[in-house]
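Student: Place chain B on chain A using the hints.
Keeping their order, the protein sequence lines are chains A and B.
In terms of our numbering, the first sequence is residues 3 to 303.
In terms of our numbering, the second sequence is residues 3 to 303.
Accuracy of the hints is not assured; some may be wrong.
For identical chains, the list gives no copy identity; a pair is met inside one copy or between any two copies.
Said to hold, decoys possible - With a straight-line Cα cutoff of 20 Å, these simulated SDA-like cross-link-like pairs (lysine to any residue) come out: (1) 173 with 32; (2) 115 with 85; (3) 260 with 292; (4) 173 with 34; (5) 130 with 158.
Quick caveat, the hints were computed from the structure, so don't treat them as lab data.
Number of protein chains: 2
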Amino acid sequence: MWGMDWRAGDHLLLTDCEHHSIIATVQEIQRRFGIAVSTCPLSKTLNGGNPVEMIASHLQPNTRLVALSHILWNTGQVLPLAEVVAACHTHSGHYPVRVLVDAAQSVGVLPLKLDELQADFYAFTGHKWWCGPEGVGGLYVRPEARDDLHPTFAGWRGVTTDATGHPTGWKPDGQRYEVATSAFPLFTGLREAIALHHQAGTPQDRYQRTQSLSHYLWQQLVALPGVSCLRTQPPEAGLVSFQVRGQSHPQLVQSLEKENLLVRTILNPNCIRACVHYFTLESECDRLIEVIRQKLEGREN
Amino acid sequence: MWGMDWRAGDHLLLTDCEHHSIIATVQEIQRRFGIAVSTCPLSKTLNGGNPVEMIASHLQPNTRLVALSHILWNTGQVLPLAEVVAACHTHSGHYPVRVLVDAAQSVGVLPLKLDELQADFYAFTGHKWWCGPEGVGGLYVRPEARDDLHPTFAGWRGVTTDATGHPTGWKPDGQRYEVATSAFPLFTGLREAIALHHQAGTPQDRYQRTQSLSHYLWQQLVALPGVSCLRTQPPEAGLVSFQVRGQSHPQLVQSLEKENLLVRTILNPNCIRACVHYFTLESECDRLIEVIRQKLEGREN
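Chain A with its partners taken away, still in its complex shape (with noise of 0.2 Å):
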């Protein structure tokens, strides 16, 4: 977000459900450059309502930025990005609106055709779903909207250099976005986990199996009585967020973790975060309905 040239009264568009390490960066632009900072309602659209419309609407004048998530960390609502992109695209405002998109819970779970999408920046992390080391991760910047995203980290490897080693520019390709000496077996990591994935099956595949599994234990929890799940229709990915009546989040998330059921607690909407990937099984969705209907039933006591 650093790298756009910042004036005084640009806006910027985010959505009431980006995670808080976007938002305090934004917080801190907001401070340091006088830049307009608004928040759209999207959760509003998680059971109805056009999430395109809703972003559109809140568009201004003089928005440069569009910062949103592929799929919704919260509530892991998964966004049309083709037509949100191309909404921002086609708004006739004082600048081309940019579309930076946090795809952190959108790599490695959805197939992906980044010059389909037409987002301008879409980064990721590589240790959520694909499982990589921890500590790397990638930015796409579209060709078109390269100049528009100058580096903030400069070093030896993206800048060019005069006879005299004086820095003259950046590299004319994304390269300008590298910095300099890098924990470098971190990227040969993050490619074998990447290719692990890819001998399990096609993206298209594997989104299926998470979304098949996902469902299942959509359908599971809906039937439990005392606990009611964000979504009313099945979830799009692999998020699946759920509220349970009458219990403390924080313990339940705890107790099941002693069973070695691995979710977490979301402050906003407050509620519990399951995780299904490609390779969960049945059965592990099966032990999560079973250890939380003895809880509501309190027979664990």
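Tutor: The following block gives chain B in isolation, referenced to the frame of chain A:
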């Protein structure tokens, strides 16, 4: 450097001996915030003159940051950093002058007491003189300077949040500069590397050994006809820069590499730079001298 709250017209002082990664970052900040940048000709003090006076005389009323290296990467000169910092901190301008130190060549070499040096920001990489893993380093921020350095990249490890998870500010201590999920094994690797050096002797002992070896190499280089060292006095740390008359430096470096003698060219000033660590062998210095002597005598052809 991005963490300072730059305003148009603020002044940043560089030296003419900084790495092009630093210069490129300064150029980008200059372009983005409209700050004034000037470069003081520190290289003139390599063999005489007073670097502290030189730097102090280049401070301006609106100087906010002085960015320099503790050990200059091209000539190997060691700056009297405590005195430089004192001169900057006692400068009476519109702002407190902050000192940012590129410690790439000094950490792992010099015995350091950062609280005595009083530098505001002291940044090092672990893969150079610590011989640690690539991709991890550190930044020391003097507590008194912390409010002048906002985090640039924000993440869940550095922010405070309210009951709904919304970010409310930065962690009170240095943790504010930590971002999110990182390559944690690298941290352990660096710690282990540092521990290994400490087993080899105290920082003072290791530094003296480095000095004595670089002095040894420098003396032999000076005695070689056709070779001149940039410094007319023995080196103060491990970098020994020299020029060889009648030879292409890149070609000479390449042929030395074939003999497993790893040195590098520097473009400004045009020279070859050798590095001597405390564990370098005298016999390795001798071999470097011998191969250069052979090249100069054309015995190889």
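Student: Which hint numbers doesn't this structure obey?
Tutor: none
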